[in-house]
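There are 2 protein chains.
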Amino acid sequence: MKKISGGVCAAKGFKANGVHCGIRKNKDKLDLALITCDTPCAAAGVYTKNKVKGAPLTVTKTNISDGIAQAVICNSGNANTCNADGIEKAQMMCDLVQKHTSIKASDVIVASTGVIGEVLNMQPISDGMQGLVNGLSTDGSPNAAKAIMTTDRVMKEIAYSFELDGKECHIGGIAKGSGMINPNMATLLCFVTTDVNISSEMLDLALGKVVKDTLNMVCIDGDTSTNDMLTILSSSLAGNEKITDKGKGFNEFCKCLKKILTYLAKEIAKDGEGATKLLECKVVKAKNIKSAKSIAQSVISSSLVKAAMFASDANWGRILCAIGYTDEKFDVSKIDVDLKSRVGMIRVCENGAGVPFDESVATKILSEDEVSIIVTCNCGGAKATAWGCDLTYEYVRINADYRT
Amino acid sequence: MKKISGGVCAAKGFKANGVHCGIRKNKDKLDLALITCDTPCAAAGVYTKNKVKGAPLTVTKTNISDGIAQAVICNSGNANTCNADGIEKAQMMCDLVQKHTSIKASDVIVASTGVIGEVLNMQPISDGMQGLVNGLSTDGSPNAAKAIMTTDRVMKEIAYSFELDGKECHIGGIAKGSGMINPNMATLLCFVTTDVNISSEMLDLALGKVVKDTLNMVCIDGDTSTNDMLTILSSSLAGNEKITDKGKGFNEFCKCLKKILTYLAKEIAKDGEGATKLLECKVVKAKNIKSAKSIAQSVISSSLVKAAMFASDANWGRILCAIGYTDEKFDVSKIDVDLKSRVGMIRVCENGAGVPFDESVATKILSEDEVSIIVTCNCGGAKATAWGCDLTYEYVRINADYRT
Numbered sequence: 016m017k018k019i020s021g022g023v024c025a026a027k028g029f030k031a032n033g034v035h036c037g038i039r040k041n042k043d044k045l046d047l048a049l050i051t052c053d054t055p056c057a058a059a060g061v062y063t064k065n066k067v068k069g070a071p072l073t074v075t076k077t078n079i080s081d082g083i084a085q086a087v088i089c090n091s092g093n094a095n096t097c098n099a100d101g102i103e104k105a106q107m108m109c110d111l112v113q114k115h116t117s118i119k120a121s122d123v124i125v126a127s128t129g130v131i132g133e134v135l136n137m138q139p140i141s142d143g144m145q146g147l148v149n150g151l152s153t154d155g156s157p158n159a160a161k162a163i164m165t166t167d168r169v170m171k172e173i174a175y176s177f178e179l180d181g182k183e184c185h186i187g188g189i190a191k192g193s194g195m196i197n198p199n200m201a202t203l204l205c206f207v208t209t210d211v212n213i214s215s216e217m218l219d220l221a222l223g224k225v226v227k228d229t230l231n232m233v234c235i236d237g238d239t240s241t242n243d244m245l246t247i248l249s250s251s252l253a254g255n256e257k258i259t260d261k262g263k264g265f266n267e268f269c270k271c272l273k274k275i276l277t278y279l280a281k282e283i284a285k286d287g288e289g290a291t292k293l294l295e296c297k298v299v300k301a302k303n304i305k306s307a308k309s310i311a312q313s314v315i316s317s318s319l320v321k322a323a324m325f326a327s328d329a330n331w332g333r334i335l336c337a338i339g340y341t342d343e344k345f346d347v348s349k350i351d352v353d354l355k356s357r358v359g360m361i362r363v364c365e366n367g368a369g370v371p372f373d374e375s376v377a378t379k380i381l382s383e384d385e386v387s388i389i390v391t392c393n394c395g396g397a398k399a400t401a402w403g404c405d406l407t408y409e410y411v412r413i414n415a416d417y418r419t
Numbered sequence: 016m017k018k019i020s021g022g023v024c025a026a027k028g029f030k031a032n033g034v035h036c037g038i039r040k041n042k043d044k045l046d047l048a049l050i051t052c053d054t055p056c057a058a059a060g061v062y063t064k065n066k067v068k069g070a071p072l073t074v075t076k077t078n079i080s081d082g083i084a085q086a087v088i089c090n091s092g093n094a095n096t097c098n099a100d101g102i103e104k105a106q107m108m109c110d111l112v113q114k115h116t117s118i119k120a121s122d123v124i125v126a127s128t129g130v131i132g133e134v135l136n137m138q139p140i141s142d143g144m145q146g147l148v149n150g151l152s153t154d155g156s157p158n159a160a161k162a163i164m165t166t167d168r169v170m171k172e173i174a175y176s177f178e179l180d181g182k183e184c185h186i187g188g189i190a191k192g193s194g195m196i197n198p199n200m201a202t203l204l205c206f207v208t209t210d211v212n213i214s215s216e217m218l219d220l221a222l223g224k225v226v227k228d229t230l231n232m233v234c235i236d237g238d239t240s241t242n243d244m245l246t247i248l249s250s251s252l253a254g255n256e257k258i259t260d261k262g263k264g265f266n267e268f269c270k271c272l273k274k275i276l277t278y279l280a281k282e283i284a285k286d287g288e289g290a291t292k293l294l295e296c297k298v299v300k301a302k303n304i305k306s307a308k309s310i311a312q313s314v315i316s317s318s319l320v321k322a323a324m325f326a327s328d329a330n331w332g333r334i335l336c337a338i339g340y341t342d343e344k345f346d347v348s349k350i351d352v353d354l355k356s357r358v359g360m361i362r363v364c365e366n367g368a369g370v371p372f373d374e375s376v377a378t379k380i381l382s383e384d385e386v387s388i389i390v391t392c393n394c395g396g397a398k399a400t401a402w403g404c405d406l407t408y409e410y411v412r413i414n415a416d417y418r419t
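Chains as they are written, first to last, in the numbering used here: chain A, 16 to 419; chain B, 16 to 419.
Think of the hints as simulated: they come from the structure by calculation, not from any bench.
These numbers come from a predicted model, not from an experiment.
A virtual CB, placed ideally from N, CA and C, is assigned to each residue, including glycine.
Incorrect hints may have been included.
Below are the BS3-like pairs computed for lysine-lysine, each with C-alpha atoms no more than 25 Å apart in a straight line [to be verified]:
#, chain 1, residue 1, chain 2, residue 2
1, A, Lys76, B, Lys349
2, A, Lys66, B, Lys344
3, B, Lys66, A, Lys300
4, B, Lys302, B, Lys273
5, B, Lys349, A, Lys64
6, B, Lys66, A, Lys344
Calculated Cβ distances over 12 Å to all of chain A for the following chain B residues [unchecked claim]:
#, residue
7, Met16
8, Lys17
9, Ser214
10, Ile361
11, Gly396
Isolated chain A, as found in the complex (with noise of 0.2 Å):
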């Protein structure tokens, strides 16, 4: 498996572009992407839980229930939620990408993101979409990435080859993350694309296998988003024998799949709104994953933790006091905690008391901007990531500011 550049345009038959046709206000910040393909695509999709649910996700899910799709239209700025029209608006955006190119409407993933409950203005779009869909190319992957972000600060692109049956095969993905996103969903805003051959049943199948150990995994802020989305369109250009079955053509692929959604959720949790750090929750010798999965998002959620971890302070007790209020069973006095980063590793819990540590080497490994939590159950063999930030001053005044 090899790092490659390319994002979403990485696959064989894949073009990519994002542009300013005027949904935001600010000319610097893009907020219309599409991504197409030469030919009719296999394609998977998994969307939020919350009930409230944005219209461009009943059109999505309308779209791909005959598990053929071919383009991803997706605006920022608005996320076309809670509006009486917001349907027939999904609809226009998909009639539109008809219209601009040769994909039926009916062939198209449509995705929003932005505020809720402003109605979606269709001149900017309707402006926009000659010059979107003149601009499609091979390297239109970063644009798309940047269409995509609402108070996101880096992009978040990425892409990997592998070899099936003596062919090159690759995956890429876009995301964008940064605010309403917690692993009570299926995710949140996530494009990748494929040229491996595989029918949409094992498309989905992979998919739903691997996001709920990536993707699912990441929680910034407890709030579930109404218009999550992550769809997966397969071009099947790279020659494979067709993938139908659980083999090891599968296997293969959802190994890179992880390797993408891992990147990306790393990425997303990151570049949370306000983060100054990634932090990550590894648990393990858990009773069984459910409870490895549990406990590892209570930290990785805990605002006590979170605000802690922003002050580089080594306050166990709310680590501690996070795994507590989960529904799982486990010895308490057997748990150890240690934390860890690229400076280095200190235990300072065992058997769910505090040990003697240095706090300075404490403070030194908690102030890098990649940490560790590693919990270790001593109950049972089973393991769980789960990846998060820091809560930070900025995350309050994002998130105050941004409507108004």
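Guided by the hints, dock chain B onto chain A, whose structure is given.
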């Protein structure tokens, strides 16, 4: 029912005091509280549901298991939690009460609040006990209320009188809140005293019934503490006919207890770490109570709603979003949202979609220090209220600085 002064000393038979004994470094901060009664009391308690429990809770549960107690001792500055010698130290605190008063160690309720995982130094407590006991008086409630505070900015104290069988009865309470506060718990630290003649069984029943709609509906930060505890002591000196069943007397008692705990719940929410305003979410016309409570708690707990309220920003989309990620069943297209404060009320969402409203009026309403979010579900007759506060820079500062 009449609001009166006296706090936990309003009821007949009770004395209280609070001193600075030296657990906390700042000499201006009281850190050791004692409440005693002239007679053994009927007693009941509810405790945190966090699986990591403070050692004092274990000792208190044992001491209160016979339904009798006569004193409360509580220190701030150290939670006496996650320490190998925690139970031993908590027991020593009870022994110290016995040593300096005529009250049996096994009739003492012991509580601690503060940093988790630091060994409790008994010396200051032992040294401070005689002064603490010497200062016990019927005017001592404010000092006791101050001595249990951690990051609280104001002390929380209340008392009411009411009549039963022609006898004047009293209930009073003190509480501390601020951080690590979440509805999924018994409660924070709250000590209630009364002189109502009531069996410990009915006291237990009343406490369980009333806490559900009061302290358990407060959410500051989603972190359920390891040390939360609410206890009630009854001296039975009011002279009313003993309450032994769910008759009129019991109902009157519950009504007054609800008044006390509602007041303390709101005070705790208003004084949430870093809060600039009290938020209240009233859910009405919900399918059932469970659904109403769950929606109210979800809205009041949302970081994004809380940050918007800090900015007095009528970002109702975030309210809908928070309603949407509850597990409850409702029809989004029937939900109305109003924002209200003492200066007025404004509708911002009707039938699940935005309605035009005057932003300047909304900002004026939200700029008050007590704000209500009213969610009308239009799918039943149940209602519930939850209390919380806004999310501010100050919350982050307090929690980043707390330990170091």
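Each hint tested on the structure:
no., hint, in the structure
1, Lys76/A / Lys349/B, "23 Å, holds"
2, Lys66/A / Lys344/B, "9 Å, holds"
3, Lys66/B / Lys300/A, "18 Å, holds"
4, Lys302/B / Lys273/B, "24 Å, holds"
5, Lys349/B / Lys64/A, "19 Å, holds"
6, Lys66/B / Lys344/A, "9 Å, holds"
7, Met16, "35 Å, holds"
8, Lys17, "38 Å, holds"
9, Ser214, "32 Å, holds"
10, Ile361, "14 Å, holds"
11, Gly396, "21 Å, holds"
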